[in-house]
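> Hey, can you work out the whole structure from these sequences and the hints?
Residue numbers (the numbering used here): 335 to 695.
Don't take every hint at face value.
Said to hold, decoys possible - Under the rule of at most 20 Å between Cα atoms (straight-line distance), these lysine to aspartate or glutamate pairs were calculated in the EDC-like manner:
| id | residue 1 | residue 2 |
| --- | --- | --- |
| 1 | K371 | E634 |
| 2 | K624 | E361 |
| 3 | K661 | D646 |
| 4 | K638 | E675 |
| 5 | K624 | D359 |
| 6 | K661 | E671 |
| 7 | K638 | E671 |
| 8 | K524 | E361 |
| 9 | K371 | E658 |
| 10 | K524 | E449 |
| 11 | K624 | E590 |
| 12 | K624 | E442 |
| 13 | K591 | E523 |
| 14 | K602 | E634 |
| 15 | K612 | D646 |
| 16 | K678 | D389 |
| 17 | K524 | E487 |
| 18 | K392 | D543 |
| 19 | K542 | E463 |
| 20 | K591 | E442 |
| 21 | K624 | D528 |
| 22 | K392 | D352 |
| 23 | K392 | D359 |
| 24 | K542 | E449 |
| 25 | K371 | E454 |
| 26 | K570 | D543 |
| 27 | K371 | E590 |
| 28 | K570 | E487 |
| 29 | K678 | E423 |
| 30 | K371 | E442 |
Just so you know, these hints were derived from the structure itself, not from any lab.
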Amino acid sequence: MSALSIFAGAEALQHIRDHGLSADDIEMVLGASGGPKWICLAAIDRYLISEWFSDRQKPLHLLGTSAGGWRLACYARSNPLAAHGRFQEAYMGQNYSARPSPQEVGQECRHILAEILQAEAGTDITGEEEIINNPVMRYNTLVTRCRGLGASENKVLQALGMAGAMASNLVARSAMRPWVERVFFHHGEKPPIDHFPHLPARHVPLTKDNLGPAILATGAIPLAISGVHNIPGAPKGAYRDGGITDYQFDLPVMPEKGFVLYPHYFAKAPIGGWFDKKLTWRTSSRDYYKRTIIIAPSWEFAAKLPGGRIPDLQDFYQFPDYSERRKRWDIAAAACEQLAEELKDIHDNQRWAQVAQPLPW
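Okay, structure coming up:
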């Protein structure tokens, strides 16, 4: 049984069959929303950071939302392995009261952010400065600016606003415009995406003043976590989880020369937005993924993890006792070291052409 499933869009697959794959072929890395699902990718992150991209000289665009945005922020630190280690420990160490308020969860998220952005020992350069000034690892994230009732921190009003956006999304993704605005916080150099379908994106360059709030906001799950208000450099308002508009991405990420690497937690078609999860008829564009390589745990591998699945948000409710939840997550994270080992073997022995499959949708 292979632990990894590797899929490639048409142009990426042809390149792999003709030339194999090298780190320099990659121009962009994606990181999806999904809460604790990212834990199954932690070892892959460390492999990419420490080996694949360790000596990178040319720009690599990073685009993530929610937990994916938090992961990829670590890539852009001067010591990415240390930042990723702190992030993983802080994330897996979340411990809440029986019925945590959005404020309590928000405080824990601020602790996670502080670990990501902590200055490295022996330097007075902040994490914010490192990330925005990194000429190679160019960090970008998407955040949702809520309009109308969804901007309220009153749970009832906010829920009504989210319900309005969800109902509008049933008609078309573009119908959500009265309820939400997609905001693209991007590296100071040329952004990696020019066109955003369905919902136009407001472009906001990242600075040392708005990077932290933007990273915090992209993970601010509606109703569960307090929103981030009035981010510097962006229009006033309430900013929430980037996964609302861009959960697993349905965007034209198609670099002209290189390819997109997408370490993903599911071996299936990505879901565009948060409210598309149960809309089986709405699938991501195969054309948008023609230059993308998706790396994911195989279903057979995931079935051997605790509970027969990768970690997810339901673990907070199903296992409210921290010690039990943490034990399950530690077991899953340790088991998923196999994913990085298998990826290293595929790359070191250039078996890409043998294992890469066409997109599964």
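> Under the criterion that the straight-line Cα-Cα distance not exceed 20 Å, is the pair K392, D352 satisfied?
At roughly 23 Å apart (the allowed maximum being 20 Å), D352 and K392 break the hint.
> Given the hinted pair K678 and E423, is their Cα-Cα distance within 20 Å?
Given that 20 Å is the threshold and the Cα spacing comes to 24 Å, the pair is violated.
> Holds or violated: are the alpha carbons of K661 and D646 at most 20 Å from each other?
holds (14 Å)
> Quickly compare the C-alpha distance for K624 and D359 to 20 Å and report which way the hint goes.
holds (14 Å)
> Taking only the CA atoms, is the gap from K524 to E361 under or equal to 20 Å?
Cα-Cα ~13 Å, so holds.
> With the threshold set at 20 Å, check whether the alpha-carbon distance from K392 to D359 stays at or below it.
Given pair K392, D359 holds - Cα atoms ~11 Å apart, limit 20 Å.
> Does K371 pair with E590 here, judged by a C-alpha cut-off of 20 Å?
Given that 20 Å is the threshold and the Cα spacing comes to 31 Å, the pair is violated.
> Just to be careful, I want the Cα atoms of K638 and E675 compared with a cutoff of 20 Å; is the pair within it?
holds (17 Å)
> For a C-alpha distance cap of 20 Å, please report whether K612 and D646 respect it.
With a Cα-Cα distance of about 17 Å, the restraint between K612 and D646 holds, given a limit of 20 Å.
> Is it true that the CA of K624 sits at most 20 Å from the CA of E442?
With Cα atoms ~38 Å apart, K624 and E442 exceed 20 Å; violated.
> Tell me if the straight-line CA distance from K542 to E463 falls inside 20 Å.
Satisfied, since the Cα-Cα distance of roughly 6 Å is no more than 20 Å.
> Does E634 lie within 20 Å of K602 when you go C-alpha to C-alpha?
Measuring from Cα to Cα gives roughly 13 Å; hence the hint holds.
Violated hints, listed in ascending order, are 10, 12, 17, 18, 20, 22, 25, 27, 29; each of the other numbered hints is respected by the structure.
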